[in-house]
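**Q** The chain contents come next:
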Amino acid sequence: MPRVKLSEFRAKTIVNNYMGNPYSGFPFDAGRDPISKIDNAVVQGKTYVAKVDQGIKKRFKQGLVKLDLKNPTDIVDAIAEIRKKHFEYFLVEEYVPHDNNDEKYISLERTRKGIIINYSHQGGVDIESHSDEVGRILYKDSSDAHKVAGALGVEPEGFVEKLIELFDINYFSFLEINPLVVSLKKPYMLDIAAEVDSAAEFFVDTWSSNDFRNSRTGVLTEEEKNVHKLSEKSSSSLTLTVLNPNGAIFMLLSGGGVSLALADEVANLGKGDLLANYGEYSGNPTEEETYIYTKNLLSLLIKSNAPQKVLIIGGGVANFTDVRVTFRGIIHAMTEVMPELQRQNVKVFVRRGGPHQDEGLKDMEDYLSYNKIEGSVHGPKLVVSEIVAKALESIAIDN
Amino acid sequence: MFDVEKIIKADRKVILIGSYPAIIQSILDFEYMSGHKAPSIVGVVATGRKIERYFFGKKEIAIPVFKSFKDVPDKVKHEVTFFLNVVSGRRVFSSTVEAIDNLPKLIGGVIFAENTPEKHALDLAEICETKGIFLAGPASVGILIPGIFKLGAIGGVEYKQLVDAKLSIRGNVAVFSASGGTTNELINILAQNGKKISFALHFGGDRFPITTPLEAFMAAENDPDTTHLVYFGELGGVDEYAVCEAIQTGKLTKPIIAYIAGNVAEIFPESPQFGHAKAMAKTQKETARAKRDAMKAAGVQVGESFKEFVELMHRIPSRETREDRGAIIEKMDDRRHALISTSVSKDEGGKATVLGEDLLSFSKNNSFGYIVASLFLGKKIKSKELEEFVSFVLKLLVDHGPYVSGAVNTIITSRAGRDLVSSLASGILTIGPRFGGAINQAAANWLDGASSGKTPQEFVEEYAKKKIYISGIGHRKYRSDMPDPRVSEIVSYTKELDAKYTNFAKSVEKVTVSKKGNLILNVDGAIACVMLDILSEKEGYSEEQLKELVDIEFFNALFVLSRSVGFISHFLDQKRLDEGLFRLGEEDVADASSQNE
Numbered sequence: 001m002p003r004v005k006l007s008e009f010r011a012k013t014i015v016n017n018y019m020g021n022p023y024s025g026f027p028f029d030a031g032r033d034p035i036s037k038i039d040n041a042v043v044q045g046k047t048y049v050a051k052v053d054q055g056i057k058k059r060f061k062q063g064l065v066k067l068d069l070k071n072p073t074d075i076v077d078a079i080a081e082i083r084k085k086h087f088e089y090f091l092v093e094e095y096v097p098h099d100n101n102d103e104k105y106i107s108l109e110r111t112r113k114g115i116i117i118n119y120s121h122q123g124g125v126d127i128e129s130h131s132d133e134v135g136r137i138l139y140k141d142s143s144d145a146h147k148v149a150g151a152l153g154v155e156p157e158g159f160v161e162k163l164i165e166l167f168d169i170n171y172f173s174f175l176e177i178n179p180l181v182v183s184l185k186k187p188y189m190l191d192i193a194a195e196v197d198s199a200a201e202f203f204v205d206t207w208s209s210n211d212f213r214n215s216r217t218g219v220l221t222e223e224e225k226n227v228h229k230l231s232e233k234s235s236s237s238l239t240l241t242v243l244n245p246n247g248a249i250f251m252l253l254s255g256g257g258v259s260l261a262l263a264d265e266v267a268n269l270g271k272g273d274l275l276a277n278y279g280e281y282s283g284n285p286t287e288e289e290t291y292i293y294t295k296n297l298l299s300l301l302i303k304s305n306a307p308q309k310v311l312i313i314g315g316g317v318a319n320f321t322d323v324r325v326t327f328r329g330i331i332h333a334m335t336e337v338m339p340e341l342q343r344q345n346v347k348v349f350v351r352r353g354g355p356h357q358d359e360g361l362k363d364m365e366d367y368l369s370y371n372k373i374e375g376s377v378h379g380p381k382l383v384v385s386e387i388v389a390k391a392l393e394s395i396a397i398d399n
Numbered sequence: 001m002f003d004v005e006k007i008i009k010a011d012r013k014v015i016l017i018g019s020y021p022a023i024i025q026s027i028l029d030f031e032y033m034s035g036h037k038a039p040s041i042v043g044v045v046a047t048g049r050k051i052e053r054y055f056f057g058k059k060e061i062a063i064p065v066f067k068s069f070k071d072v073p074d075k076v077k078h079e080v081t082f083f084l085n086v087v088s089g090r091r092v093f094s095s096t097v098e099a100i101d102n103l104p105k106l107i108g109g110v111i112f113a114e115n116t117p118e119k120h121a122l123d124l125a126e127i128c129e130t131k132g133i134f135l136a137g138p139a140s141v142g143i144l145i146p147g148i149f150k151l152g153a154i155g156g157v158e159y160k161q162l163v164d165a166k167l168s169i170r171g172n173v174a175v176f177s178a179s180g181g182t183t184n185e186l187i188n189i190l191a192q193n194g195k196k197i198s199f200a201l202h203f204g205g206d207r208f209p210i211t212t213p214l215e216a217f218m219a220a221e222n223d224p225d226t227t228h229l230v231y232f233g234e235l236g237g238v239d240e241y242a243v244c245e246a247i248q249t250g251k252l253t254k255p256i257i258a259y260i261a262g263n264v265a266e267i268f269p270e271s272p273q274f275g276h277a278k279a280m281a282k283t284q285k286e287t288a289r290a291k292r293d294a295m296k297a298a299g300v301q302v303g304e305s306f307k308e309f310v311e312l313m314h315r316i317p318s319r320e321t322r323e324d325r326g327a328i329i330e331k332m333d334d335r336r337h338a339l340i341s342t343s344v345s346k347d348e349g350g351k352a353t354v355l356g357e358d359l360l361s362f363s364k365n366n367s368f369g370y371i372v373a374s375l376f377l378g379k380k381i382k383s384k385e386l387e388e389f390v391s392f393v394l395k396l397l398v399d400h401g402p403y404v405s406g407a408v409n410t411i412i413t414s415r416a417g418r419d420l421v422s423s424l425a426s427g428i429l430t431i432g433p434r435f436g437g438a439i440n441q442a443a444a445n446w447l448d449g450a451s452s453g454k455t456p457q458e459f460v461e462e463y464a465k466k467k468i469y470i471s472g473i474g475h476r477k478y479r480s481d482m483p484d485p486r487v488s489e490i491v492s493y494t495k496e497l498d499a500k501y502t503n504f505a506k507s508v509e510k511v512t513v514s515k516k517g518n519l520i521l522n523v524d525g526a527i528a529c530v531m532l533d534i535l536s537e538k539e540g541y542s543e544e545q546l547k548e549l550v551d552i553e554f555f556n557a558l559f560v561l562s563r564s565v566g567f568i569s570h571f572l573d574q575k576r577l578d579e580g581l582f583r584l585g586e587e588d589v590a591d592a593s594s595q596n597e
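So the sequences go chain by chain: A and B.
Numbering follows this note's numbering, in which position 379 of the first sequence is assigned residue number 379; successive positions increment by one, without gaps.
Numbering follows this note's numbering, in which position 502 of the second sequence is assigned residue number 502; successive positions increment by one, without gaps.
Excised from the complex, chain A in its bound form:
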């Protein structure tokens, strides 16, 4: 799952440490940290900023940043207020008053050709409204750094080079500093947004998967968290995202590409609002892993209050994921909740191919018909996206 958002706390720590200025802000996990953490960290006489640290864009405009907090009580109150909007992770740091005209913009992005720098002498929250002022340069050597530094008016020497270096050695894929305040003695990075390559966790000691942030962190369902945990421990890939907890169409899909094409098909047929989830398993998961994955998906399905529900077990013709083995896992999970599936009259539509498809499809067909579950089971002869139309038709008739 490569590009992921790093917490601003971690990003600032990495960048400031590399520049030789230790960072004094601190993270606050509202669900876990005691309030005394704030009391202990705050220095009397200084003023503070508290803001959401979950990779959210345009925080200021959404009221997710509180400025000029003068004591721990102010900070606690500010966090409590923002927390009502279902956010869990916060960053508290010193408030640095400055002139808006000194706000600059710089971002780095890893592309196929190399690292691209975007920069503007006019930064700040309205950066998008003057995007024609943004310069873009493919970084080749320090002459490019001089050019960028000159345009932004940053001192000291080497600031841009250092950014490039730390970007590279920490396996960043994106780093945005906005605003970058240059009027102070040293460049001051007010807000940082960073993405790292999660595949590189093994190669760095400056960040870890604990630092990844997601705007949905506060609203993830137990089922999504379970699948995430399962995936972390597996050599296969297993993902699950809830789109609509009360959706009617539940998808148990395999394969990154085909799963996307099937989800597209739901949207193409104008039923995107009925789609309950997106997710997929691939890379030949074991029977046990497929069982746990399905169990979590079915738990969501059973909780949905849609009047009529359908489960699509869909996938292309796998190269190496064993259909018989993965279907055994699925059947195991279905068996545990079969009475409930029957009671809710859940329909099941299956389309799959791959190693041991004949055995796997037969097992599934026998199982569904034995349990009197409506729907149909298909092999590769059915065009894969057609399973969506069949499934949707079955709900349309009943509704």
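Careful, some of the hints might be misleading.
Once the Cα atoms are required to be at most 20 Å apart in a straight line, the calculated SDA-like pairs of lysine to any residue come out as [what the hints assert, rightly or not]:
id : chain 1 : residue 1 : chain 2 : residue 2
1  : B       : Lys282    : A       : Glu128
2  : B       : Lys282    : A       : Asn178
3  : B       : Lys282    : A       : Glu109
4  : A       : Lys372    : A       : Val337
5  : B       : Lys75     : B       : Lys382
6  : B       : Lys105    : B       : Phe66
7  : A       : Lys381    : B       : Leu312
8  : B       : Lys119    : A       : Val204
9  : A       : Lys229    : A       : Asn246
10 : A       : Lys113    : B       : Lys282
11 : B       : Lys515    : B       : Ala464
12 : B       : Lys285    : A       : Asn210
13 : B       : Lys307    : A       : Gly272
14 : A       : Lys5      : B       : Gln273
15 : A       : Lys84     : A       : Ile127
16 : B       : Lys307    : A       : Glu393
17 : A       : Lys271    : B       : Phe268
18 : A       : Lys140    : A       : Ile127
19 : B       : Lys50     : B       : Leu377
20 : A       : Lys381    : B       : Ile316
21 : A       : Lys61     : A       : Lys113
22 : B       : Lys160    : A       : Gly379
23 : B       : Lys500    : B       : Gln457
24 : A       : Lys84     : A       : Thr73
25 : B       : Lys105    : B       : Gly132
26 : B       : Lys119    : A       : Thr206
27 : B       : Lys575    : B       : Ala425
28 : A       : Lys225    : B       : Gln273
29 : B       : Lys119    : B       : Thr130
30 : B       : Lys282    : A       : Glu176
Stretch-level coverage of chain A by chain B, calculated; a stretch enters the list once three of its residues show a Cβ under 8 Å from a Cβ in chain B [said to hold, decoys possible]:
id : stretch
31 : 133 to 144
32 : 200 to 212
33 : 232 to 244
34 : 248 to 257
35 : 315 to 326
36 : 373 to 384
Honestly, the hints are just simulated from the structure, not real lab data.
By construction, the Cβ of each residue, glycine as well, lies at the ideal position given by its N, Cα and C atoms.
For chain A, the structure is supplied; the task is to place chain B on it using the hints.
**A** Just chain B, lined up with the frame of chain A:
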């Protein structure tokens, strides 16, 4: 650079980096079905066993496994033209660089693992460019040229899948995809509609596939057999725009049918991460819709839905392919792995062979020393020196009087009325660390001493500190002033050699003799060092291979064989003399009970 013609014309020899048995077997099945005479896979670089067993058709074959590239013979390194890397994402970069450095004839490879850091993929792309090789992936199920080449899981891992997808005959449609499952789905859709593919390539679902869509499409453009291109892309990344530019500038002229998945992202408030690493649109340009529109504008036939995409594929004219070579389709369900494997001898169809040669001619034309040395080493020996030395040692070790423990046991057993085999076994079972088994330990000592760079003094001190005897040193009767005549005879076999091991053994003897006169190089120690020298200088054994011979007790084998002659002769002798049951008298047993008080 990915070049189909180059792959077709190449002498395709494949090495695996890491092992994935199901994929390896599927490649062999594909090659067998396509009528290839021999498998393309020449080795596996992985830990574990020394061979892996597979089937080529119904016949079982062994593929050698090397612990690292260091252990891959030069001959193999120089013939390998492709690799398939199946190690985990974190090891992809280091193992791929190592492979590229070790394989001078390399044309290209496939990287299978997911979770390779982007930076590593980009660094590998740069290396490919300098070296003029191609890499598909990371996270690629591989490349496939029907009837010719399958490198990866692509097309399936079960032989039935290969049959169903008609992968032994080459056609005219090139298939490309960002998704492995979809690659196979497209191959199957085409096969079901009577169309055949010219080749297929899976880019992998990472953000920066090393072989880009543009490079792969250009390979299709340059391939005379390809008339149409089919492409399944996804949201995320901007590689499609380079393709559009190539079409607009007239570099790409063949018709392309495409689908870009990921419209569903529009119903999410913020584009989520879908199944593949790259499947996330951060900018407008990376959305499925933007890429579809750009491709359409460039003249690509883009399906609005997957169904429409499939219908567009149906419209590709089926072209008569060249002569159907007739795939070999046999039921493979009854294949069974052999219970044992061997490299020594065979007896097939009434014809016995030893080391690949007819038993009769092998025994008629060779000396006993040659046969023993060859069989013990598992391959025909090259040197006269080894043949002569083994012949001599076999004669020399044949017997050493009735006093030694193995002979005593044989004699006692024989006198107890037991048969030949029991008596011989009782003698042989006596052979061990204190009797007869010292040659192997001596070989281990000389090998360690001569290669570790220790001085003979340090070597001797080490043993003294640990309070253990040095195997190969010391004799009950002979002393430095009364040398063992057998030892000088044994050592004379190194006259023409550099004799690294023998020299080391002799310098150790100098040190030990200065401590005590009977601590001389003995027969066991001398045989061990001379054998090491001959094997290393005349038979080309590396230190690593010599260590392996120690591990498998090769050096004791000569003693066991030769001394069996002595034991048998004592057995027969006792039977002829008919001495009756052996029993000790009271005076033969000392009272040791006071020791225990």
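**Q** Tell me the numbers of any earlier hints that the structure contravenes, in ascending order.
**A** Failing hints, ascending: 9, 12, 15, 18, 21 and 31.
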